[in-house]
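Participant: Quick note, the sequences are listed as chains V and C, same order. Okay, so the first sequence: first residue is 1 according to my numbering, each after it adds one. Okay, so the second sequence: first residue is 1001 according to my numbering, each after it adds one.
Think of the hints as simulated: they come from the structure by calculation, not from any bench. Given the structure is predicted, the values throughout are model-derived calculations rather than measurements. In this text, a Cβ means the ideal position worked out from N, Cα and C, and glycines have one as well. A portion of the hints provided could be inaccurate.
The calculated label-pair distances, taken between Cβ atoms and stated as ranges, are [said to hold, decoys possible]:
no. : chain 1 : residue 1 : chain 2 : residue 2 : range
1   : V       : Gly-63    : C       : Gly-1016  : 44 to 52 Å
2   : V       : Met-27    : C       : Ser-1060  : 12 to 20 Å
3   : V       : Asp-56    : C       : Asp-1009  : 26 to 34 Å
4   : V       : Asp-56    : C       : Asn-1041  : 24 to 32 Å
5   : C       : Gly-1062  : V       : Thr-20    : 39 to 47 Å
6   : C       : Pro-1079  : V       : Pro-8     : 38 to 46 Å
7   : C       : Gln-1071  : V       : Met-41    : 24 to 32 Å
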Amino acid sequence: NAGVTQTPKFRILKIGQSMTLQCTQDMNHNYMYWYRQDPGMGLKLIYYSVGAGITDKGEVPNGYNVSRSTTEDFPLRLELAAPSQTSVYFCASRGGGYYNSPLHFGNGTRLTVT
Amino acid sequence: AQSVAQPEDQVNVAEGNPLTVKCTYSVSGNPYLFWYVQYPNRGLQFLLKYITGDNLVKGSYGFEAEFNKSQTSFHLKKPSALVSDSALYFCAVTPQGRDDKIIFGKGTRLHILP
Chain V
1 NAGVTQTPKF RILKIGQSMT LQCTQDMNHN YMYWYRQDPG MGLKLIYYSV
51 GAGITDKGEV PNGYNVSRST TEDFPLRLEL AAPSQTSVYF CASRGGGYYN
101 SPLHFGNGTR LTVT
Chain C
1001 AQSVAQPEDQ VNVAEGNPLT VKCTYSVSGN PYLFWYVQYP NRGLQFLLKY
1051 ITGDNLVKGS YGFEAEFNKS QTSFHLKKPS ALVSDSALYF CAVTPQGRDD
1101 KIIFGKGTRL HILP
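With the hints as extra help, turn the sequences into a complete structure.
Facilitator: As structure tokens, this is what we get:
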């Protein structure tokens, strides 16, 4: 049981490039989330999904896109990367319909945009 | 607006002493409360949760937390700190009836002095 797996672990992008951060979970969780964590700061929610085919914006969605075609996968797409998107990105999941279920986090993707 | 406050950016405690990391919340109804820990270069890990019942809940690694409804607080505690407890700690709240929503505090860095 791998939990939440994120790839890649590290990436350096040039301004204007695009990339997809991958996230997959094997716990059959309905709810999935993408957060970013800037140095010394807390978590900011980018997008979340309550099930396959359903996504919604968080507090900082600009510059990002998501899709949820399967229960397992929740990729995050960066279009036209900007230095402000330099951050550590975390994917998380929780059991759907169980509001007292804790989040399970991946180990993060460290992204640098130069 | 719904929010979670962790009033201390950093807490320093000598090894062997008791520790407290503070958390207060502003959420209507009866929320569900969580503590997470983040070690360097890792995602957040679930420590404990309060749903209902006994106000003192016990979690992983010897941590416990006390729920106080009148003070809207959920402070994290441990009777005897270890150097290995040094990490970043996050308090989080899920409002009742909103199982898709998770509100995080900004985090408190706990530093245990040998």
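Participant: Look at each hint and say if it fits the structure.
Facilitator: Hint check:
1. V:Gly-63 / C:Gly-1016: 44 to 52 Å: Holds - the Cβ-Cβ distance for Gly-63 of chain V and Gly-1016 of chain C, about 47 Å, lies within 44 to 52 Å.
2. V:Met-27 / C:Ser-1060: 12 to 20 Å: holds, 18 Å
3. V:Asp-56 / C:Asp-1009: 26 to 34 Å: holds, 31 Å
4. V:Asp-56 / C:Asn-1041: 24 to 32 Å: holds, 29 Å
5. C:Gly-1062 / V:Thr-20: 39 to 47 Å: holds, 40 Å
6. C:Pro-1079 / V:Pro-8: 38 to 46 Å: Since the Cβ atoms of Pro-1079 of chain C and Pro-8 of chain V sit about 41 Å apart, the hinted range of 38 to 46 Å holds.
7. C:Gln-1071 / V:Met-41: 24 to 32 Å: holds, 27 Å
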